[in-house]
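Chemist: Here are the chains, one letter per residue:
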Amino acid sequence: MTDDIRALSEALAMDPASTVFVQLGELLRQRGDLDLAYRVGTRGLDRHPQRADAHDLMARVASDRGDMERAKAEWEAVLVLSPGHAAAHKGLGFLCFRIGDWESAGKHFERALAADPSDASLAAALRAVRIEPGAAPSTRFATPPAGEMRSAVPGVAPRRADPRTLFAEVLGDSARTALLLDSEGYVVAGAHAADGGGDRGALIGAQLSGVSEEADRAMRHLGLGRWRQIVFEAESASVAMAPAGNGVLLVAAPRTAPLGLVRRILEQALVRARQWLERGT
Amino acid sequence: MTLSVAAEWVELPLKQFVDEARVRLAVLLYPSGQVLGQFGFGRSVDVMTACALSAAISASSAELGRMVDGTPFTDLHYAGREKQIFLGQVPIAGGSLVLLTVFDDESSLGLVQLFFREFCAVTARAVPSSNAETPALSDDFERELNHNLAVLFGRQ
Amino acid sequence: MTSPFAGLLFTLVRHRGVKGCMVVDERDGVIVDANLQLGVDGSAMAALAASVYRKARRAAVAAGFGEIAFFELDAEHGRVCAAGRGGLVVVLVAESRVNVGLVRVEMLHALEAFA
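Chains as they are written, first to last, in the working numbering: chain A, 319 to 599; chain B, 52 to 207; chain C, 965 to 1079.
Worth flagging that the hints you see were computed from the coordinates, not collected in a lab.
We treat Cβ as the ideally placed atom computed from N, Cα and C, and that holds for glycine.
Among the clues, some could well be false.
[Stated by the list, open to error] Ranges of calculated distance between the beta carbons of each label pair, as one might list FRET restraints:
#, chain 1, residue 1, chain 2, residue 2, range
1, C, Arg1061, B, Pro179, 44 to 50 angstroms
2, A, Asp321, C, Gly1065, 32 to 38 angstroms
3, B, Arg94, A, Asp353, 44 to 50 angstroms
4, B, Ala107, A, Ser554, 17 to 23 angstroms
5, B, Glu169, C, Gly1050, 28 to 34 angstroms
6, A, Asp321, C, Arg980, 53 to 59 angstroms
7, A, Ala325, C, Gly1065, 22 to 28 angstroms
8, B, Arg176, A, Gly543, 23 to 29 angstroms
9, B, Ile108, C, Gly1003, 33 to 39 angstroms
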């Protein structure tokens, strides 16, 4: 995927008016680079406001970022430009489902299915939201919590929440950080907000991933087995790390946080990370 | 950075050493100065120079050790401002080899010594019995030296 | 002849579960002084532990977290703790059952001898 992104970026740089921004934006969204996907999509949309796929891209990015109002507006713009657009009806159907508007959700799913009869997930979604005689919709499924499109509808693939917020529930306090890194030190999930704004997660991940490599080498030669946790206290933060998948999970908290608490948060974040790696949710 | 060897058996121990110790340069040679394998060098003339100097330093320090301590000095370490060198004798059946390595802050003397010990153990097992007699400075020395350099730098 | 670190090493190695303790030069990874149980490869431990500690220290500074005071690595069959100042690192290797909290306090206290 990285090679495709690079090639598309180069193509777009050479010709800013090119329509490859749609493909590029979608790949960035899939990779979790939502800010970048948003910027690419916005610039592309400025040049191509009449392209339905550009509005569809912006809707997906907005949905992943939790901006449901924007997502709705963009999918509605898609339908103005391309009535019967399957993806737009599907997206709007899920938005309606989220707020408990079963009837509207059903209508959108019907139209999406009419445009794309092969989509089995749509058929399942439609079955789920159709009101059976005598059954109130509210008794059939719980409304998914705000901020996340969960798979309360059987057979429907859940739309992924922003991976940057994967550990939000575990961390609680916004001053804490959790980052899931791959084997090369790239951030896979989580974020670290810097004081002046922006995300320093990539910098922190790149620096601290080297520590796990050193630990691996040391353990190979010292006969202590595999390392399970690294904890250190620095001037402004306490940091804990653990192997996770092919990479590393690290948690950082203000220096005032007790080390035992930091370790506990690491263990909880590790459970969350493993769940996400295995199931994607 | 590439690793190249003049004899196949050198590859595994030398690669293991440079990977683990994370050194910048390494060259394995006979005490006569004939190269057996190198890592990190870009030019054959640099390898030739490093081998010649290493062989001379190794021989001189061994003799100095005999004079001062009754037994040859074997390992030598020098710390520069940014880089350090380690020169060690690698015992093999019937003689020895010399390993020169250059490292920086990515490694340390302790690590180089640790992995050098492992290198000596692996090399002692890997060297073929036919290699047990290290080549003396023969009439064909220069030809063999040039041959090894050519093999290392892919010209043969 | 005893080194200036013999006392603090003796204090640390007395804790239950501690297999060895040493003062290591951070840059060179070589032992300055050590108090080790039989079977502990001090020179390997010194080189590798100092390397991990140094990597963590540099990474923490580069990441904006500042200098490290205390470092602990927990492995399947033991623990390695380290605390450093002024280019020297106290490295402690122990079984998993060691009371890390107590050892940590003593190691940080020992750093005062390095000032």
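Chemist: For each hint, tell me whether it holds in the structure or not.
Modeler: Here is what the structure says about each hint:
Between Arg1061 of chain C and Pro179 of chain B the beta carbons are some 48 angstroms apart, a value that agrees with the proposed interval 44 to 50 angstroms. Restraint check, Asp321 of chain A to Gly1065 of chain C: a C-beta distance of roughly 49 angstroms breaks the suggested window 32 to 38 angstroms. Separation of Arg94 of chain B from Asp353 of chain A is about 46 angstroms and conforms to the stated range, judged on CB atoms against 44 to 50 angstroms. For the pair Ala107 of chain B and Ser554 of chain A, the beta carbons lie near 52 angstroms from each other, so the given range of 17 to 23 angstroms is not met.
Between Glu169 of chain B and Gly1050 of chain C the beta carbons are some 31 angstroms apart, a value that agrees with the proposed interval 28 to 34 angstroms. Judged by the Cβ atoms, the range 53 to 59 angstroms given for Asp321 of chain A and Arg980 of chain C holds: they are separated by roughly 55 angstroms. The hinted window of 22 to 28 angstroms between Ala325 of chain A and Gly1065 of chain C is violated, with their beta carbons roughly 53 angstroms apart. About 26 angstroms separates the C-beta atoms of Arg176 of chain B and Gly543 of chain A, a value consistent with the hinted range of 23 to 29 angstroms.
Taking the beta carbon of each, Ile108 of chain B and Gly1003 of chain C are about 36 angstroms apart, inside 33 to 39 angstroms as hinted.
Consistency note: the structure conflicts with the earlier hints numbered 2, 4, 7.
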